[in-house]
Amino acid sequence: MKLNWFKYAAPQSFFVLSGKLIKPLMLIAAALFVLGFYVGYIKAPTDFQQGDAYRIIYLHVPAAWMSMVMYVAMAGWAGLGWAFNTRLSSMMASAIAPTGAMFTFLALWTGALWGKPTWGTWWVWDARLTSELILLFLYIGFMALHAAIDEPRRADKAAALLALVGVVNVPVIYFSVQWWNTLHQGSSISMTSAPTMVKIMLIGMLIMTFAFWAYAFAAVFMRVRCIILEREKNTEWVKTYWEQQ
Amino acid sequence: MLNLFLCVLQRDLLLAMRRRSDVFVSLSFFIMVVMLFPLGVGPEPEQLKNIAAGILWVAALLSSTLALNRIFAADYADGTLEQMMLAPEPISIMVLAKVLAHWLVTGLPLVLLSPLLALQFGLPGEAIGVLFFSLLVGTPVLSLIGAIGAALTLGLRGGGVLVSILVLPLTIPVLIFGAGAVSASVSGMEVAGHLQLLGGLLAGSLALTPWVIGAGLRISVE
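In order, the protein sequences belong to chains P and F. The opening position of the first sequence corresponds to residue 1 in the numbering used here, with each subsequent residue numbered one higher. The opening position of the second sequence corresponds to residue 1001 in the numbering used here, with each subsequent residue numbered one higher.
You may find that some hints are simply not true.
Stated by the list, open to error - One-sided excerpt, in silico: chain F residues whose CB lies under 8 angstroms from chain P:
{"hint": "1", "residue": "I1148"}
{"hint": "2", "residue": "L1152"}
{"hint": "3", "residue": "L1156"}
{"hint": "4", "residue": "L1162"}
{"hint": "5", "residue": "I1165"}
{"hint": "6", "residue": "L1166"}
{"hint": "7", "residue": "I1172"}
{"hint": "8", "residue": "L1175"}
{"hint": "9", "residue": "S1183"}
{"hint": "10", "residue": "A1184"}
{"hint": "11", "residue": "V1186"}
{"hint": "12", "residue": "G1188"}
{"hint": "13", "residue": "M1189"}
{"hint": "14", "residue": "A1215"}
{"hint": "15", "residue": "G1216"}
In short, the hints are calculated from the structure, not lab data. Using N, Cα and C, we set each Cβ at its ideal position, and we do this for glycine too.
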């Protein structure tokens, strides 16, 4: 059987596919979240230096990862939509933006909650915190520009350009702890060497990360379905879809 | 290509000179914002000296952002921009000339005036020199990055606030290194690193942004 990779590039077929995927993804997200919560908050030992305050990392680190990954994904989809005029790509980009902004906010918020007991302050203007805050503003800028332009195609392209320019910020966030000697500690996990943390903590964090991934997919799919219905409202299939509802 | 560049530059400067009040408005805005801080935070000389770099840089950033929508707006409104884009010459040259003209009209006066304002904040002579130089290198970067936002928001309602939201996050590095250079000079540290990074930002944005601005204009005008 020959696979047709472009089948789901059509909003109509993707609408059906994503509709089927949302429920399983949500279930996976919930199950992993419960499991990750159990491992991270009950099973994992208390940290020798930071006490129980360290446990915020089970939310903070996955949220911060997601915020960066989703920005790159958003810019990538937006760029694809701009380059190839594929409608669904641009819709994906606009569907990703709010969830990405939410994760960015979550990373900043949990970081502040962690910073108060460990650093003694809610916020410092160090390189990583500042660049993460800039990321939040880039998400907001993307959404604001998209919302300000009435014509959808122009909105897609303009927002795509902005998103692509903003991508320069992502490596800055990622490497900020190496480039600048600041308060935010370096990474405990890397692809190339053994992590400098206890295995059970690492497992808890990875489970949480997968939970966040599953949630992000489900949330983006839900939003993209709404966008598809709105943008394609003049097509035949959307009209029949509404009649069937 | 140089002909086109000079031609657009001359035209834009001429237009700006015919409407001189626009230049003075953004310059006055710069002075006003700077003036508000000593009145707001109190006139202690030591404190003012410490925050002078940040204030002058933020004021420069704000007033250059405020003037951004003038780069393309008038030409867009009367259709000149469309005609320019139909021309066979590369759009990035035209864009570069327009941004340079805009900087000469709104950025350069502000740079020239900055030493005077720095004196009011009691900055030492050396720091004033650093401030002048950092603004001289940094404000063109602000205009270049800002023009991206100006191109994308052409003809939109509420464009003024929107352009600030789009552009300000991208200009933060310029602010950090520009104000950082002056602060470093005030506290007697090495300034070369900051200025070199600022120069690097200028070189990079000079090379890359004209294409981005051109792409933005194509999206907005098509």
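Checked hints:
1. I1148: holds, 6 angstroms
2. L1152: Hint on L1152 of chain F: holds, closest Cβ of chain P at ~5 angstroms, below 8 angstroms.
3. L1156: Holds. Min distance 5 angstroms.
4. L1162: At 5 angstroms from the nearest chain P Cβ, L1162 of chain F passes the 8 angstroms test, so the hint holds.
5. I1165: OK, holds: I1165 of chain F within 8 angstroms of chain P, min 5 angstroms.
6. L1166: Since chain P brings a Cβ to about 5 angstroms from L1166 of chain F, closer than 8 angstroms, the hint holds.
7. I1172: Holds, because the Cβ-Cβ distance from I1172 of chain F to chain P comes to roughly 6 angstroms (cut-off 8 angstroms).
8. L1175: violated, 11 angstroms
9. S1183: At about 13 angstroms, which exceeds the 8 angstroms cut-off, the nearest Cβ of chain P leaves the hint on S1183 of chain F violated.
10. A1184: violated, 15 angstroms
11. V1186: violated, 18 angstroms
12. G1188: violated, 20 angstroms
13. M1189: violated, 15 angstroms
14. A1215: With a minimum Cβ separation of about 6 angstroms from chain P (threshold 8 angstroms), the hint on A1215 of chain F holds.
15. G1216: holds, 6 angstroms
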